[in-house]
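I would like the entire structure built from these sequences, with the hints used as guidance.
Counting in my numbering, the sequence shown runs from 96 upward without gaps.
Check the hints yourself; a few may be wrong.
For each label pair, taking beta carbons as the anchor points, the in silico distance ranges come out as [as the list claims (entries may be wrong)]: (1) Gly120 with Ala198: 27 to 35 angstroms; (2) Met204 with Glu142: 20 to 28 angstroms; (3) Ala198 with Asp117: 26 to 34 angstroms; (4) Gln201 with Val145: 39 to 47 angstroms; (5) Val156 with Asp129: 14 to 22 angstroms.
Because the hints were derived from the structure by calculation, they are not lab data. Virtual Cβ for every residue (Gly too), placed ideally from N, Cα, C.
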Amino acid sequence: MSATEEPDLSADERAALDLVLDTRGIHQSELWKDLDISSRKGSRIAESLVEAGLIQREETVYQGHNTYFLMPTAGDLDFSLLMAGDMLSPFIGEEEIDPRSDAFSQWLMNLAYEEY
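Here it is in structure tokens:
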């Protein structure tokens, strides 16, 4: 769900959601600084977006302080750039892929011949 599809958000909540989506994740302490709002208001906005299911929040330490990392929900992420037809990029995963490998060549061929 994008910010434009959520009519009940305040201007500050929309701005916060857009920032989280645009950055693909941001520390809560940076969010309120970027939006030029108080940390208390930033915290309330983040909680509201989490409760609405629009973002996820994980506890973390950032620059020596406890904070949260705010991320888009999986539904807001665009995985299509990793796909070529029905094949997932061979570079997704933990093993190292040789760019001259058959898996990579096949993925590139699928990408090249995709119809838009």
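Going through the hints against the structure:
1. Gly120 with Ala198: 27 to 35 angstroms: holds (29 angstroms)
2. Met204 with Glu142: 20 to 28 angstroms: violated (47 angstroms)
3. Ala198 with Asp117: 26 to 34 angstroms: Holds, at about 32 angstroms.
4. Gln201 with Val145: 39 to 47 angstroms: holds (40 angstroms)
5. Val156 with Asp129: 14 to 22 angstroms: Holds, at about 19 angstroms.
Hint violations for this structure: number 2 only, all remaining hints satisfied.
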